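With chain A fixed as given, assemble chain B onto it according to the hints.
Just so you know, the sequences run in chain order A and B. Just so you know, we're using the working numbering here: the first sequence kicks off at 1 and counts up by one. Just so you know, we're using the working numbering here: the second sequence kicks off at 1 and counts up by one.
Chain A side only, calculated, beta carbon under 7 Å to chain B, not exhaustive: (1) A64; (2) L67; (3) F68; (4) D70; (5) A73.
Mimicking BS3-like on lysine-lysine, the simulated pairs with C-alpha atoms at most 27 Å apart in a straight line are: (6) B/K79 <-> A/K139; (7) A/K139 <-> B/K166; (8) A/K138 <-> B/K76; (9) A/K138 <-> B/K79; (10) B/K114 <-> B/K172; (11) A/K104 <-> B/K172; (12) B/K86 <-> B/K76; (13) A/K139 <-> B/K76; (14) B/K166 <-> A/K138; (15) B/K166 <-> A/K105.
Think of the hints as simulated: they come from the structure by calculation, not from any bench. For clarity, every value in this text was computed on a predicted model and none was experimentally measured. Note that CB positions come from ideal geometry on N, CA and C, so glycine has one too.
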Amino acid sequence: MNHAALPAPGRLGRSVARASVISSAAALLIAAVLLVSFQFISQRSGLLEDMLIQARVIGDSSEASLLFHDGHAARDVLSVLSTSPNIDVAAVFTISGAPLAYWKKRETSLADWAPPLTSYRNFGLRYLEIVQPVLSEKKVIGHVGIRVRLEQFYRRLLVFIGFTILVAIASFAATYLLLARMRRTVKDAEAELNYLAHVDSVTGLPNRHAFNVQLALALKKATDTGDDTALLMLDLDNFKRVNDTLGHQSGDLLLRSVADTLTGHLEKSDIVCRIGGDEFAVILEGQNLRERAELTAETILEVLREPVFLDGHEIFVTTSIGISFYPRHAKNLHTLVRNADTAMYRAKAKGKNVWASFHARMDTATQRRLALESGLRRALERNEMEVHYQPQASLATGEIIGVEALLRWRHPEFGVVEPAEFIPVAEDCGLIGSLGLWVLRSACEQGAAWGKAGLGLLSVAVNLSARQTRDRNLMQAVSEILEQTGLLPCQLELEITESVLMDNMHANIGVLHQFRQRGIRLAIDDFGTGYSSFAYLKRFPLDHLKIDRTFVKEIRHDGEDGAIIAAIVSMAHELGLSVIAEGVETEDQVAFLRNTGCDIMQGYYFAEPMPADRMTAFITDARMANQA
Amino acid sequence: MKYIGATFTIFAELLWLGTTAFAQPVPELDLKAAYVYNFAIFTEWPPESMPHGSPINICLRGDNAMHAAVTALTAKTVKGRRLAIKPWQAPDDLQGCHMVIFDAGDRARWNTIKGGLAGASLLTVSDDADAATSDFIITMRLDNGRLTFSVNNTAARQARLLVSAKLLRLAKEVK
Numbered sequence: 001m002n003h004a005a006l007p008a009p010g011r012l013g014r015s016v017a018r019a020s021v022i023s024s025a026a027a028l029l030i031a032a033v034l035l036v037s038f039q040f041i042s043q044r045s046g047l048l049e050d051m052l053i054q055a056r057v058i059g060d061s062s063e064a065s066l067l068f069h070d071g072h073a074a075r076d077v078l079s080v081l082s083t084s085p086n087i088d089v090a091a092v093f094t095i096s097g098a099p100l101a102y103w104k105k106r107e108t109s110l111a112d113w114a115p116p117l118t119s120y121r122n123f124g125l126r127y128l129e130i131v132q133p134v135l136s137e138k139k140v141i142g143h144v145g146i147r148v149r150l151e152q153f154y155r156r157l158l159v160f161i162g163f164t165i166l167v168a169i170a171s172f173a174a175t176y177l178l179l180a181r182m183r184r185t186v187k188d189a190e191a192e193l194n195y196l197a198h199v200d201s202v203t204g205l206p207n208r209h210a211f212n213v214q215l216a217l218a219l220k221k222a223t224d225t226g227d228d229t230a231l232l233m234l235d236l237d238n239f240k241r242v243n244d245t246l247g248h249q250s251g252d253l254l255l256r257s258v259a260d261t262l263t264g265h266l267e268k269s270d271i272v273c274r275i276g277g278d279e280f281a282v283i284l285e286g287q288n289l290r291e292r293a294e295l296t297a298e299t300i301l302e303v304l305r306e307p308v309f310l311d312g313h314e315i316f317v318t319t320s321i322g323i324s325f326y327p328r329h330a331k332n333l334h335t336l337v338r339n340a341d342t343a344m345y346r347a348k349a350k351g352k353n354v355w356a357s358f359h360a361r362m363d364t365a366t367q368r369r370l371a372l373e374s375g376l377r378r379a380l381e382r383n384e385m386e387v388h389y390q391p392q393a394s395l396a397t398g399e400i401i402g403v404e405a406l407l408r409w410r411h412p413e414f415g416v417v418e419p420a421e422f423i424p425v426a427e428d429c430g431l432i433g434s435l436g437l438w439v440l441r442s443a444c445e446q447g448a449a450w451g452k453a454g455l456g457l458l459s460v461a462v463n464l465s466a467r468q469t470r471d472r473n474l475m476q477a478v479s480e481i482l483e484q485t486g487l488l489p490c491q492l493e494l495e496i497t498e499s500v501l502m503d504n505m506h507a508n509i510g511v512l513h514q515f516r517q518r519g520i521r522l523a524i525d526d527f528g529t530g531y532s533s534f535a536y537l538k539r540f541p542l543d544h545l546k547i548d549r550t551f552v553k554e555i556r557h558d559g560e561d562g563a564i565i566a567a568i569v570s571m572a573h574e575l576g577l578s579v580i581a582e583g584v585e586t587e588d589q590v591a592f593l594r595n596t597g598c599d600i601m602q603g604y605y606f607a608e609p610m611p612a613d614r615m616t617a618f619i620t621d622a623r624m625a626n627q628a
Numbered sequence: 001m002k003y004i005g006a007t008f009t010i011f012a013e014l015l016w017l018g019t020t021a022f023a024q025p026v027p028e029l030d031l032k033a034a035y036v037y038n039f040a041i042f043t044e045w046p047p048e049s050m051p052h053g054s055p056i057n058i059c060l061r062g063d064n065a066m067h068a069a070v071t072a073l074t075a076k077t078v079k080g081r082r083l084a085i086k087p088w089q090a091p092d093d094l095q096g097c098h099m100v101i102f103d104a105g106d107r108a109r110w111n112t113i114k115g116g117l118a119g120a121s122l123l124t125v126s127d128d129a130d131a132a133t134s135d136f137i138i139t140m141r142l143d144n145g146r147l148t149f150s151v152n153n154t155a156a157r158q159a160r161l162l163v164s165a166k167l168l169r170l171a172k173e174v175k
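Next up, chain A with everything else stripped away, as it sits in the complex:
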């Protein structure tokens, strides 16, 4: 179904073969014409030369006959010519032009021939005529004339032409057979190239190139008929993890399985393409596509929900789908693809394994994202970035034991932009590395400054992004910053979110152990939002566990979350981890957390995030109050 619109293979091969056949035929024709012409010219001059010699011989022999005016003798000389089949008439003429002797073939009439009596040669259509003077004592004493019938000459030429044509036809046949074989080879190669150019070798689906061709065709058809086109963009949510943990071969098998599932469950007329690593696209054509597109998306989500078995592993594939319609959402191919992409990212952001249909607001969001991306590149130079600090206090004593460094971006146009919004952008465009190190350096400098100012050895918590944890030079960069700023390693606390930690467990365990050996403390952030179990937690060298703010927020209304927190706290303690509660806003929450044995709190109830100078003042005040 998907190959219908691929260009027909063999087009090039056919035209090349046709050109070769024509040119070889032309070459043979030219060769044949040249050969025949050459043969004609050489035979003609050969005949002429032979006859001139004959005439000279006869002239020489006729000298005495002419001198003695002996017609018998002259006829005797001429009679020699009867052995020559071509000679038609031969004559010896006296100086006055009267024939002294005349010899002719029996069938030729005598009166036929009266050539001019001079040195004469005429290659006519039927006859070759030659007249030569006879000399004696350097004087002309008469003439010898010969007329040659050209029938035999032409007959020989015809035979030669026939033979040449036969040879040419035979050569052409041989050439044609060779060319036919070559054409087959070229056609096969062309078909293969065509296949490779348009088909993804892993899944057998049309590739990105073919997708563009197909989509352009569909849009043209839709424009002509007034139909709609729907574009569904699919992105497998956790394909990268499969590739990383099970290897590329398994990844390819998974892609093939997904492709088979898709083609197996969709309409024959729907066009499924693989357009990127883990990206697929489905093109739908027809009228009133909205319902059909949504139904298709639902179907895809449903059929992909079935686990795939690879190398004894049970893999759950989920996908995020973005839908965009032509001409409703876009007037051209480029925009249609971009909008479907936007919708797909929105679906992913909504929590994966869902579909989203494009709407105009998304476009605004996309534009904002683009603006953020370009703004981010200059944010550091323009001093738009600022590190704020939120204090963390012991629930038991109320004493400030540390701060969490939080990045703030004051965008010149959008105002304050939340990290939750711009960190993913920074990750996508590769700026997270430099941004992360800048935050780390700033926070470490600040922590060291407080130590020097006699405000105690506060712990400084800094968040690590997913991209940063994959950076092999991270450990070295952190060590350098610690050495340069003078912050003690035990003061530094690196926070990694639960989902990042679980995404690449093997690698992360190694990195975490390195930090641990360096004396740096580690916290698992946003705990409770991912899928991690305590069993996994045990394998990581962690010091702290930060309960996600959503659990804390619900404490007042819902006893269940309270129970979860209590469970988390007791388990964490069992594992030797201290527990930090984030987003603490009310006294009730504080009371509850204290009761469950939670160790540290952080939130507006105690203090909001603030700039370094205000933080310094806050700590100083708190110290004074505590001492008082």
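This is chain B only, laid out in the frame that chain A set:
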């Protein structure tokens, strides 16, 4: 001396008569002289008898009927050699001759001198058709109004003369 008549006609244009383009009767003696000239053309003398540049000496007696016609040949050349006419009386006069022309009047003289000419490179030509002997190398005779000739090639070879095959082919008789 013998005349077949002034009306002896041959419709031919002989080279030595020039490029006459119409038929005309040719006097018998002129025709014989023309033949004599042609004989010279087709005969090769041994080199020692004919030094380079020397003329071809034609000897005939003044009372020979052909004398006037043959004398007219001196205007012509054969293979670049002039033709010279030498009269003779005694056999000794034949010294230095290449060609001797006899007629019927020389019959008795011939019988006396021919013995002394053995070995000499002399082309002997006669128009004495009635001669009992045919010791002449070339003998011309009138035959049904046509002038023919016969060649005694044996005699020619004895005289170390080379008579061209072209001439032999035209001869009525070759011995």
